[in-house]
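> Line by line, the protein sequences give chains A and B. First residue of the first sequence: 1, per UniProt numbering; consecutive thereafter. First residue of the second sequence: 1, per UniProt numbering; consecutive thereafter.
No lab work stands behind these hints, which were simulated from the structure alone. Any given hint might turn out to be false.
The list treats identical chains as one, so a pair stands whether inside a single copy or across any two.
Claimed, not checked - Heads up, simulated DSSO-like pairs for lysine-lysine below, C-alpha to C-alpha not over 30 Å straight-line:
hint	residue 1	residue 2
1	LYS202	LYS312
2	LYS312	LYS231
3	LYS30	LYS202
4	LYS243	LYS202
5	LYS30	LYS396
6	LYS383	LYS25
7	LYS73	LYS202
8	LYS317	LYS462
9	LYS317	LYS408
10	LYS231	LYS43
11	LYS54	LYS202
12	LYS202	LYS67
13	LYS202	LYS396
14	LYS407	LYS83
15	LYS241	LYS43
There are 2 protein chains.
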Amino acid sequence: MKLYIFAFFGLFLTLNLNAQAPETKEDSLKIREIYSAALVNGKAYNWLDHLSNKIGGRLSGSLNAQKAVEYTKTQLEELGLDKVWLQPVMVPKWTRGAREHAYIQTGPGMTTEVSITALGGSVATATGGLKANVIEVQGIEDLENYKDEIKGKIVFYNRPMNPELIQTFEAYGGCVDQRYSGAEAAAKYGAAGVIVRSLSHKIDENPHTGSMSYGDLPNSKRIPAAAISTKDAEYLSGILKLKKDLEFYFKLSSENHGEVQSYNVIGEITGSEFPEEIMVVGGHLDSWDLGDGSHDDGAGVVQSMEVLRLFKETVYKPKRTIRVVLFMNEENGLRGGNKYADVAHSKNENHIFALESDAGGFTPRGFSFEADDAQFAQIESWKPLFEPYLIHYFEKGGSGADIGPLKKGDIVLAGLRPDSQRYFDHHHAATDTFEHVNKRELELGAATMTSLIYLVDKYGIKRINLEKDQKL
Amino acid sequence: MKLYIFAFFGLFLTLNLNAQAPETKEDSLKIREIYSAALVNGKAYNWLDHLSNKIGGRLSGSLNAQKAVEYTKTQLEELGLDKVWLQPVMVPKWTRGAREHAYIQTGPGMTTEVSITALGGSVATATGGLKANVIEVQGIEDLENYKDEIKGKIVFYNRPMNPELIQTFEAYGGCVDQRYSGAEAAAKYGAAGVIVRSLSHKIDENPHTGSMSYGDLPNSKRIPAAAISTKDAEYLSGILKLKKDLEFYFKLSSENHGEVQSYNVIGEITGSEFPEEIMVVGGHLDSWDLGDGSHDDGAGVVQSMEVLRLFKETVYKPKRTIRVVLFMNEENGLRGGNKYADVAHSKNENHIFALESDAGGFTPRGFSFEADDAQFAQIESWKPLFEPYLIHYFEKGGSGADIGPLKKGDIVLAGLRPDSQRYFDHHHAATDTFEHVNKRELELGAATMTSLIYLVDKYGIKRINLEKDQKL
Numbered sequence: 001m002k003l004y005i006f007a008f009f010g011l012f013l014t015l016n017l018n019a020q021a022p023e024t025k026e027d028s029l030k031i032r033e034i035y036s037a038a039l040v041n042g043k044a045y046n047w048l049d050h051l052s053n054k055i056g057g058r059l060s061g062s063l064n065a066q067k068a069v070e071y072t073k074t075q076l077e078e079l080g081l082d083k084v085w086l087q088p089v090m091v092p093k094w095t096r097g098a099r100e101h102a103y104i105q106t107g108p109g110m111t112t113e114v115s116i117t118a119l120g121g122s123v124a125t126a127t128g129g130l131k132a133n134v135i136e137v138q139g140i141e142d143l144e145n146y147k148d149e150i151k152g153k154i155v156f157y158n159r160p161m162n163p164e165l166i167q168t169f170e171a172y173g174g175c176v177d178q179r180y181s182g183a184e185a186a187a188k189y190g191a192a193g194v195i196v197r198s199l200s201h202k203i204d205e206n207p208h209t210g211s212m213s214y215g216d217l218p219n220s221k222r223i224p225a226a227a228i229s230t231k232d233a234e235y236l237s238g239i240l241k242l243k244k245d246l247e248f249y250f251k252l253s254s255e256n257h258g259e260v261q262s263y264n265v266i267g268e269i270t271g272s273e274f275p276e277e278i279m280v281v282g283g284h285l286d287s288w289d290l291g292d293g294s295h296d297d298g299a300g301v302v303q304s305m306e307v308l309r310l311f312k313e314t315v316y317k318p319k320r321t322i323r324v325v326l327f328m329n330e331e332n333g334l335r336g337g338n339k340y341a342d343v344a345h346s347k348n349e350n351h352i353f354a355l356e357s358d359a360g361g362f363t364p365r366g367f368s369f370e371a372d373d374a375q376f377a378q379i380e381s382w383k384p385l386f387e388p389y390l391i392h393y394f395e396k397g398g399s400g401a402d403i404g405p406l407k408k409g410d411i412v413l414a415g416l417r418p419d420s421q422r423y424f425d426h427h428h429a430a431t432d433t434f435e436h437v438n439k440r441e442l443e444l445g446a447a448t449m450t451s452l453i454y455l456v457d458k459y460g461i462k463r464i465n466l467e468k469d470q471k472l
Numbered sequence: 001m002k003l004y005i006f007a008f009f010g011l012f013l014t015l016n017l018n019a020q021a022p023e024t025k026e027d028s029l030k031i032r033e034i035y036s037a038a039l040v041n042g043k044a045y046n047w048l049d050h051l052s053n054k055i056g057g058r059l060s061g062s063l064n065a066q067k068a069v070e071y072t073k074t075q076l077e078e079l080g081l082d083k084v085w086l087q088p089v090m091v092p093k094w095t096r097g098a099r100e101h102a103y104i105q106t107g108p109g110m111t112t113e114v115s116i117t118a119l120g121g122s123v124a125t126a127t128g129g130l131k132a133n134v135i136e137v138q139g140i141e142d143l144e145n146y147k148d149e150i151k152g153k154i155v156f157y158n159r160p161m162n163p164e165l166i167q168t169f170e171a172y173g174g175c176v177d178q179r180y181s182g183a184e185a186a187a188k189y190g191a192a193g194v195i196v197r198s199l200s201h202k203i204d205e206n207p208h209t210g211s212m213s214y215g216d217l218p219n220s221k222r223i224p225a226a227a228i229s230t231k232d233a234e235y236l237s238g239i240l241k242l243k244k245d246l247e248f249y250f251k252l253s254s255e256n257h258g259e260v261q262s263y264n265v266i267g268e269i270t271g272s273e274f275p276e277e278i279m280v281v282g283g284h285l286d287s288w289d290l291g292d293g294s295h296d297d298g299a300g301v302v303q304s305m306e307v308l309r310l311f312k313e314t315v316y317k318p319k320r321t322i323r324v325v326l327f328m329n330e331e332n333g334l335r336g337g338n339k340y341a342d343v344a345h346s347k348n349e350n351h352i353f354a355l356e357s358d359a360g361g362f363t364p365r366g367f368s369f370e371a372d373d374a375q376f377a378q379i380e381s382w383k384p385l386f387e388p389y390l391i392h393y394f395e396k397g398g399s400g401a402d403i404g405p406l407k408k409g410d411i412v413l414a415g416l417r418p419d420s421q422r423y424f425d426h427h428h429a430a431t432d433t434f435e436h437v438n439k440r441e442l443e444l445g446a447a448t449m450t451s452l453i454y455l456v457d458k459y460g461i462k463r464i465n466l467e468k469d470q471k472l
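Okay, chain A solo, but in the shape it has when bound (with noise of 0.2 Å):
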């Protein structure tokens, strides 16, 4: 792309300088100057192309994850970090297999194909496929209602996402259990397979894939599990009204094949007066297989690649240590945040402050913390000089899931918040792909949580629980 002319620079500096203390104003004129350079010379969404449409969906353990663990690794190299290290990390290798098939069978030769995908981790059906009458229910608590009918039936969770609340990754937290252990739960009652409401609030044919876990069921008790997209949903429980004793038919061809060798990917720019106070910033590599994972998490990746390159862009030497961390195999494992932590908790290195993008690349909302009240009441001092961004939102809540294995004494915790509207049409289905990501919404991103960091380097985060850290 082709460097812009600008007839208006005269215009951006809109802020009301004057009225600011100098800090402040230094501090006001730094964010404009992040803004600018991501929104003028951004390099997030030519990162993200390629990522996604020169690699594509990055499942742990296959070949575009380590092609995409040797990109981001070379393109950090390039730009002049202090450090850039791989970290070893053994993950799960699961496949999906080439034969995913589902059809209703309403009576001979009476059949509708409907679209499923086998959440991952889930064994495959026999060959020849599973076929069985359904079970519709609401919820894994619901299971108890019907125990007298689930043994070799096909259990179909259908309770869907409420559209009435308005972050929706609150409507996905009323809704994962079903996904995440509704096979193990159907399986106990004896349960031959188990069907998942996509987690959705969009009615499409598109199924979305996530994690799920058997916990502690043996092999042999392991009963294969799909999620079917929404629109079949409501198709399937709505046959289901008319005719309890239909038969539903899927096939799965996926595989566990155990564990091979992975990286976290981890670039460094060392601190210069406070080189042991480590800040993070980071999102996960690895994705789903059936997009190309350029909103779950590609976004979250170059948009931290995009904190350290906007500091060496606008000539920013931080005091404190920055890394960007590249956490591997977040969706089926966690095991590269785990990885991370426990080599950082073994080397005792103070790590001050993690941030990680998990949300999607949207517009930037804000950010949510995990922090005592001292501290929170120290970040949200800062609140004002994002709002001429329009970024509004600092509340105490969860961050990300590969930073909270940090989570040790004083370390402050934070997630990205984006508008969340849009998230779940795409979340772990095909339609994660970068076509839906807007350049100007991810680049907003990257800069919302380059001027977090610079304000977290510059003034430091306030240590409260210092003594009782100690005894940790």
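Chain A is fixed; fit chain B onto it per the hints.
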């Protein structure tokens, strides 16, 4: 679409109602009810599906525009409003014609096709097209620098939208003069035609049309004007640096057909206590012809209709009169907006508030208000009621083109302000289509508008300028 079944009704009331005054608590509950109704049973998306996919682009004076008048009138009638009527208005009729075509010629037989489209209102080229050398300029004020070279050539306006501006409408405002007045200005220097860089941040192959004016130029002096895609604008600019004397060819077959009859579509719920106090909510029913006008402004049309439907669904009887006005001809004449205001003023109707949605069907961020300080302070006091819905932006500023002519005396004008990052990817281009509208984002906008109108209805608007007003 089938009705949903919810297992989580208990979750949604997470507002802290206990700490609120009784009146505020009532408002919180009502607004929660409005959002839930929009998100669960909303009709806006279905209406938009019809407008976009069954009707399509609705340029003033076209058969599609008439179909849209009839369809929306019928839909409003089905809502059981107190009155539904058509307000006649004459509109300009302009047609694009089918034979738009352009190429760059760098030598004999060496041509590269480029994407252009006529600006709305442009005259056609001669039947054989126009071929001439090109002068690239960065804006109207730049013409003077080339005054001796322009005669007989094609002026190429290539000032891009400034990506540093967070609100994309500001970047649009910084460039739109090239499109609207560029032909008039260049014609005065003797140009043979003009090509204008499309008003979009996105670098792609879609030209973006939009209105233009020849001002008071006589017909004989009017020159053809087309938008060129951003990608081809960059390409043309690059080639011009290598070969200043290249030739550009374009052909337009557009035609002006004078004026034809059309209509504003109006529906009303008459106020139960203060029927003479009128609140307007609206969008514009016409659109450009390249896409189906889903964001501009099908979204505003269906959201405005949804405001009245949500009052019906939530069994709210407004004290004041609320009118939905679907304005005709915002894009190339503003005849509908002017007509509505003319009739209102001539009847001495007391309009206290008007709200327009004409910035796309994206996640709502807030409102911009044309109000005096005391009125704005009153409205701003309602802001905490919106924060649970992530509505944070209440600012003084512009409202909407169609309601602008209503400005007189004490009326407060307001514009819905959705997230603006993606708007100009689609605005006036072939990509302004239904699949780029997210159902939840559209519905959240409708709920946000309804909640504001509810509060205006309940509390009224401060009448600051009453005495001054009466002198008008």
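> Please go over all the hints and tell whether each is borne out by the structure.
Evaluated hints:
Proximity of LYS202 to LYS312 under the C-alpha cut-off of 30 Å is restricted to the inter-copy arrangement: shortest distance 26 Å between copies versus 41 Å within a copy. Proximity of LYS312 and LYS231 under a CA criterion of 30 Å is satisfied inter-copy only: 29 Å between copies versus 47 Å inside one chain copy. In this homomeric assembly, LYS30 and LYS202 come within 30 Å of each other (Cα to Cα) only across copies, at 26 Å, whereas the closest approach inside a single copy is 40 Å. When the C-alpha separation of LYS243 and LYS202 is checked against a cutoff of 30 Å, the pair qualifies only within one copy, where the shortest distance is 26 Å, while the shortest distance between copies is 51 Å.
Proximity of LYS30 to LYS396 under the C-alpha cut-off of 30 Å is found in both arrangements, the shortest distances being 26 Å within a copy and 27 Å between copies. Within a single copy, LYS383 and LYS25 get their C-alpha atoms as close as 14 Å, and across copies as close as 28 Å, so both meet the 30 Å cut-off. For a Cα distance limit of 30 Å, the shortest separation of LYS73 from LYS202 across copies, 29 Å, qualifies, whereas the shortest one inside one copy, 36 Å, does not. Within a single copy, LYS317 and LYS462 get their C-alpha atoms as close as 21 Å, which meets the 30 Å cut-off; across copies the closest is 53 Å, which misses it.
Taking the shortest alpha-carbon separations for LYS317 and LYS408, only the intra-copy value of 27 Å comes in at or below 30 Å, while the best inter-copy value is 55 Å. For the identical chains of this complex, LYS231 and LYS43 are inter-copy neighbours only, at 18 Å across copies versus 37 Å inside a copy, given an alpha-carbon limit of 30 Å. Taking the shortest alpha-carbon separations for LYS54 and LYS202, both the intra-copy value of 28 Å and the inter-copy value of 21 Å come in at or below 30 Å. Proximity of LYS202 and LYS67 under a CA criterion of 30 Å is satisfied inter-copy only: 29 Å between copies versus 32 Å inside one chain copy.
Taking identical chains as interchangeable, the C-alpha atoms of LYS202 and LYS396 lie at most 30 Å apart only when both belong to the same chain, with a minimum of 29 Å there against 35 Å between chains. Taking the closest pair of Cα atoms, LYS407 and LYS83 come within 30 Å of each other only inside a single copy of the chain (24 Å); across copies the shortest separation is 61 Å, beyond that limit. Taking CA atoms no more than 30 Å apart as the test, LYS241 paired with LYS43 passes between copies only; the shortest distance there is 26 Å, against 52 Å inside one copy.
Checked against the numbered hints above, the structure violates none of them.
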